[in-house]
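*Asks:* Here the structure of chain C is known, so what remains is to put chain Y in place on it, guided by the hints.
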Amino acid sequence: MGRRIRRREFLKEGGKAGLGLFALAQLGGATLGLAQEAAAGGAERLTLFVWSGLNLPTVAHEVARFYMQNNPGVTIEVLEGQNFEVYPKMVSARKLTPDRPLVHFGYSNTQFTYQGDIDDMWESLDLRNIPNAANVADAYKRPENRGIGFSIAPVGLIYNPNFVREPPTSWADMWHPRFRGKVTSIKYAWYTNGLVIAARLNGGSERNIDPGFRLWAERANQFVAFANSNVEVRDLIVRGDAHIAAMFGGNALTWKEQGAPIEFVIPREGTIAFPLFLVVVKGVSAQQKRIAEGVINLILSERWLARWAALTYFVPTSTKVVVPPSLRGLAMYSPQETARAIQFDWATIARNETAWRERWDKEVVARMGR
Amino acid sequence: MAQAAIPQIVARRGGWRAALRRYAHVPLLTPAVGLTVAVFWVCMAVLVVMSVYPFLAAGTPRLTLAAWQRLLGDPYYWGVVGTTLRLAFVVTALALALGYPAAYAISKIQRPGWALAAYVVLFAPILVSVVVRTYGWLLLLSNTGVVNYLLRAAGLVREPIPLIFNETGIIIAMVHILLPFMVFPILSVVGQVGGDLKEAAMDLGANRWVTFRRVTLPLTAPGVISGCQIVFTLTISAFVTPFLMGGGRVQILSGLIYRDMEAVNLGFASVVALVLLALAVVILAASNVLARRAYRRAEVERA
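Chains as they are written, first to last, in my numbering: chain C, -12 to 357; chain Y, 22 to 324.
Everything labelled a hint here was simulated from the structure, so no lab data went into it.
Label pairs and their calculated CB-CB ranges:
no.: 1; chain 1: Y; residue 1: Tyr316; chain 2: C; residue 2: Pro85; range: 51 to 57 Å
no.: 2; chain 1: Y; residue 1: Thr189; chain 2: C; residue 2: Thr335; range: 34 to 40 Å
no.: 3; chain 1: C; residue 1: Lys128; chain 2: Y; residue 2: Leu56; range: 49 to 55 Å
no.: 4; chain 1: C; residue 1: Arg165; chain 2: Y; residue 2: Val69; range: 48 to 54 Å
no.: 5; chain 1: C; residue 1: Gly316; chain 2: Y; residue 2: Leu56; range: 57 to 63 Å
no.: 6; chain 1: Y; residue 1: Thr51; chain 2: C; residue 2: Asn116; range: 50 to 56 Å
no.: 7; chain 1: C; residue 1: Leu114; chain 2: Y; residue 2: Ala66; range: 41 to 47 Å
No experiment lies behind these values; they were computed from the predicted model shown.
Where is the CB? At the ideal position from N, CA and C, for every residue including glycine.
Isolated chain C, as found in the complex (with noise of 0.2 Å):
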């Protein structure tokens, strides 16, 4: 009889674990958290974000090796990805498992970054522990240190020799009838599909975004389709089914390295500055922080930094960064045009993210084909 009940309610509570956990990993992937905490047996162990794809992880494993090798009980894991897919994972795991974040920290893309300020995402980082931010120019570092930039990723034109003879000049070229149905973008990276750039050089701006949907609204034809990665851009620009796109400078220059017909070009009104962040996700433990913020350190050294820069292209914020001589020449690279580039006001757009899109959809994308 006793065994019964003990049977019953072991099966009772197990079930409960079971559903509640089931409902974890739905929801935000949040097993992975527990799995790495179960596995660590008391020592450290942590996630670090990092985008996928190019050479871009190749920065994060080697300062993650690096890191472990000088502080042996700690380990750390790289998780690579997009910010899209992974960071709706990390909300519903700070929601869930408020204590046990799915990623501990990493790399973060302006949009997610400022959408992170938001939902509440990110620890202040406490730059004591961080001495290389020193080095760090001032428009880069965040307020309430929630976060720091650590690279800078121009945002210009890209097109196919093969197709477009005379080569885009301006961001206006987007909307220019001479590339009518031969635009693409990622459907709402509002750093290249050209809403908050059309916005701004019609009167508008981030604020005031009507001009940008009134100018896409009638001209939703010059997009010929919209991506869903900067892979499937390029894709489309090398197939001939786009002729222009905006893009990263350090995917255009890494995908010509790699044979594709591709030429980047800086519009006359300059490159649009896209900062690249490394955050700490609000949840970890303060060993945990100390840990992330020595990892941040290190990428932000000099070394790693320059590694960083001549394997991505993608431009350093520190001071301090001496380039490869390879890069030293690209337009991009000049002070120059870092100093000119046009800043949007990330924070606005990460206010306006849901609204912005249903109006994309409903404005510009039912309008495409009309």
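*Replies:* Coordinates of chain Y only, in the frame set by chain C:
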């Protein structure tokens, strides 16, 4: 006394055995049902909760029907529902139009080798990832692809025909991807139709068309309805192929879910997911009524 007890024991044993026999399938069913309950119903419950308690990373959510009002009160979203349904119906109809003759023809193949070859040709694409197959279609149908090249080389068109980044591209790729799911259920029924019924119909003066319409088609209707249900439900919820072939231009419900999930607008994404589910359930329920009638009719015809 002892003699009276014997029938009772036998009866009890009989009852026990009968009960065992009656519920013998339960252990077999339990893993599948358990998995379905865990994966499907728990997720559905979470979606229902999130649709009225918007998921916020910071702050406490309050009960609101705003997401439901936003979807149901906006004609734009009704248009998206319309596009989703239209695509699903067209893909299902075309898959049926192509799949029925294919299944019929395969059932008529006498030589085992030829039958095997037909199976391989028709079903082998299932072994290849949907993404790979969709990319294949992109390469074939793009402006610089093989199809447009051949059309231009043959002098049939001057400018490339837009075959991708529109509903046409989605339909072509979806029909190709889902055709085996239409053929297989029909094939399993067509093979059971006895030749004697058709012979009897023809002996009674029916021509081939009338025989097909009055005998073969009613008898194979259960397979047709099953195939249509499978293809319809897979199309209505498809994401990868419509997204790649539609180039983000064709707005469908699964695309809305993705859009709002990405923006961590989980309340609205949940509402769209539930509406998608409701549409599938309503249409499947309606087709089930048809299926039941078809089964009954088929039984009568067979009898």
